[in-house]
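With the sequences and hints as input, model every part of the structure.
UniProt numbering puts the first residue of the sequence shown at 1, with every later residue one more than the last.
Treat the hints loosely; a few may be bogus.
Said to hold, decoys possible - 20 Å max Cα-Cα, derived SDA-like pairs, lysine to any residue:
{"no.": "1", "residue 1": "227", "residue 2": "128"}
{"no.": "2", "residue 1": "158", "residue 2": "176"}
{"no.": "3", "residue 1": "232", "residue 2": "191"}
{"no.": "4", "residue 1": "243", "residue 2": "260"}
Hint data in this document are derived by calculation from the structure and do not stem from the laboratory.
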Amino acid sequence: MTASWPGPSWPNPFDPGAPQPPPPAPPSEEVNTLATLSVVFAFLLAPVGVVLGHFALKDIRRRGERGRNRALVGLTLSYAFTVIAVVALVLWATLGDKQTGQSTAHSGGTTAAGAAKLSANASAPPEPSVTAEGLQSLVLTGEDVAGLIKAPGMYVNKTWTQTHELQPGDSFDPPECTEAVFNGLTASYRDSGYRAIYGVDLGQHTNGFPHGVSEFVATFDNAAAAKGFVTKAVNHINGCAGKQLTYSHGGISGIYSVGTPAQTGPVTSVRSTLGTVQDNGRTTDVGGQHTSALRALAAKANVVVDVDVIGRDLGDDATALVQGILGRIPS
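Encoded structure:
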């Protein structure tokens with residue numbers, strides 16, 4: 001008995017005479033798309049390739065598509081690249097932190113040393129310095145000199161903006177000891193590194209034996225250079241101590257006995273005493289007149305003070321004048 005079936009075109013499955021259903025379609029020849037993408041993303045972004053590979057295997061089992069091997073390849077590559085990336089990340093983090101720590105420590109040490117150096121430089125006051133234009137304000141006036149050495153009537157006779165040579169017709173023997181007695185000579189300052197120099201020569205209006213005063217001040221690059229000049233000059237004077245220096249000019253000559261340098265505070269001075277004078281072959285002993293030449297030097301800041309005083313019955317006149325000039329130099 002055949003059951004009724006409502007649809008004319010829809011075969012009754014209970015009817016033995018009904019035609020057999022068509023055989024199932026053969027497996028698709030198309031390769032699963034997710035499997036292919038799993039391989040692609042294994043190289044581009046491995047974690048995504050892992051996810052795509054798992055979805056591909058599930059989809060292949062459900063739909064019967066080809067591509068299982070491709071999905072497995074994608075999974076393998078994706079997992080491999082993921083593991084490599086994780087290991088590389090761990091190594092980078094570990095080694096990078098270590099190097100950064102060392103660099104920071106080194107940088108910190110450098111920074112600390114640099115900061116200490118900058119702090120030291122910042123805390124050190126600038127070295128006092130005098131310019132060439134400031135030299136003229138350092139020398140003493142005639143009134144200043146007169147008051148310091150008790151010699152009224154002092155006046156400016158000549159000014160200098162450079163060192164000077166011997167006067168025409170003058171000669172000294174031995175010539176190297178001329179610098180022990182007189183100041184401002186070119187031979188003294190040659191190759192010394194001085195930058196600028198200013199000098200004043202002063203005379204005296206008097207009925208007696210006049211005082212002669214010469215003040216020179218010179219700038220150097222720094223205080224060390226100025227002190228170095230004074231040290232070298234004193235050493236040179238020491239080499240002439242005890243020697244006689246003969247001065248000659250126009251048939252008149254005089255003999256100075258160079259003394260030993262003496263130190264008074266920052267000032268070094270040397271007294272050279274005039275002993276005899278020859279005038280056209282006649283020799284006169286003038287030692288009892290106590291005529292002498294005093295040279296005194298000192299350095300302060302970047303300035304050298306170089307003073308010479310000639311006269312009779314001199315005390316520490318040259319030292320007093322140098323000290324007066326030093327007081328005008330900024331500390």
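Agreement of residue 232 and residue 191 with the hint, judged by alpha carbon distance not exceeding 20 Å: 12 Å, holds
Distance restraint between residue 243 and residue 260, which requires alpha-carbon spacing of 20 Å or less: Holds, at about 10 Å.
Restraint status (C-alpha distance of residue 158 to residue 176 at most 20 Å): Judged against 20 Å, a Cα distance of about 25 Å means the pair is violated.
Proposed proximity, residue 128 with residue 227 (alpha carbon, max 20 Å): Given that 20 Å is the threshold and the Cα spacing comes to 14 Å, the pair holds.
The structure shown violates just one earlier hint, number 2.
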